[in-house]
Amino acid sequence: MSDNEGTSLWGRTEEREFSYIVTVPSSDQQPNYLQAKANNGKFSFQGKKVVELGAGVGLVGMTLAVLGAQVILTDQEYALPLLHKNVDVNFQQRSCKSFVAAEMTVVPKVEVCQWGERFQSGGSLESWAKNTDVMVFSDALYHASAFLLLIETLHELTSPSTDVFFSFETRDKTIEANFLQQLRETFDVNEISREDNVQVFDSFEYPGELFIYHARRKADSKP
987 MSDNEGTSLW GRTEEREFSY IVTVPSSDQQ PNYLQAKANN GKFSFQGKKV VELGAGVGLV
1047 GMTLAVLGAQ VILTDQEYAL PLLHKNVDVN FQQRSCKSFV AAEMTVVPKV EVCQWGERFQ
1107 SGGSLESWAK NTDVMVFSDA LYHASAFLLL IETLHELTSP STDVFFSFET RDKTIEANFL
1167 QQLRETFDVN EISREDNVQV FDSFEYPGEL FIYHARRKAD SKP
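Take 987 as the starting number for the sequence shown in the numbering used here and just add one per residue.
Hints are computed from structural coordinates only; laboratory data are not their basis. Backbone N, C-alpha and C fix where the C-beta goes; we use that ideal spot for every residue, glycine too. Misleading hints may appear alongside valid ones.
Said to hold, decoys possible - Simulated restraints on C-beta separations:
{"id": "1", "residue 1": "N1025", "residue 2": "N1164", "range": "20 to 28 Å"}
{"id": "2", "residue 1": "N1164", "residue 2": "E1195", "range": "13 to 21 Å"}
{"id": "3", "residue 1": "A1205", "residue 2": "G1033", "range": "18 to 26 Å"}
{"id": "4", "residue 1": "Y1064", "residue 2": "N1026", "range": "31 to 39 Å"}
{"id": "5", "residue 1": "Q1078", "residue 2": "A1205", "range": "23 to 31 Å"}
{"id": "6", "residue 1": "Q1100", "residue 2": "N1176", "range": "37 to 45 Å"}
{"id": "7", "residue 1": "E1162", "residue 2": "Q1032", "range": "26 to 34 Å"}
{"id": "8", "residue 1": "F1029", "residue 2": "D1074", "range": "26 to 34 Å"}
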């Protein structure tokens, strides 16, 4: 990410309290893939309701906001100050000549989301339940105890028409396999083709360790 004017999004880390927050590798590639889909006309994010789970610095969600989506960036309470900071820097403080000033761009919202727990009362997530158009998350499979809660939250926000895009750099094959097996009980899950997205995968340092998926809730699924 860069702080130069243009089409890049970035997160400031000069404040000492934020200096420990870093961008995880696969979260850099997922927006590249989604932007490529939008650029080649295969998918439009214009006006779509998008939720990013475990947003971290918010790179994926902010990219989709630039592509015209209505975005809610979510994470645990401790991560919200950085998300607010990045939204402010990229969407509030940039020059009027910047891409973020385009009429189609809606400033992303930031909201707490603890997987498996009730959404904030009166918040946007509560109002979007079962009515979200697109869900995104990246490198969220860091602990075996968390992915069941992640799936529970996906159930709360998705319908059979919701597109779910997620990516991860492989770290624990057992956790990843168990997550995919559990997710496939209620979602149709497809791995994104490497052959059809060579540029996206080849831009990653270790292409063979990057995985990107698309999923949709099964019509007859029950949480």
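So, going through the hints one by one against the coordinates:
1. Separated by about 35 Å at the C-beta atoms, N1025 and N1164 break the suggested range of 20 to 28 Å.
2. Roughly 18 Å separates the CB atoms of N1164 and E1195, a value that falls within the hinted 13 to 21 Å.
3. Between A1205 and G1033 the Cβ separation comes to about 24 Å, which falls inside the hinted range of 18 to 26 Å.
4. At about 38 Å, the CB distance of Y1064 to N1026 agrees with the hint of 31 to 39 Å.
5. In this structure the hint that Q1078 and A1205 lie 23 to 31 Å apart at CB is violated, the actual value being about 41 Å.
6. Checked against the hint of 37 to 45 Å, the pair Q1100 and N1176 fails, with Cβ atoms roughly 29 Å apart.
7. Remark: the range hint 26 to 34 Å for E1162 to Q1032 is upheld by a beta-carbon distance near 32 Å.
8. Roughly 28 Å separates the CB atoms of F1029 and D1074, a value that falls within the hinted 26 to 34 Å.
Of the numbered hints listed earlier, those contradicted by the structure are 1, 5, 6.
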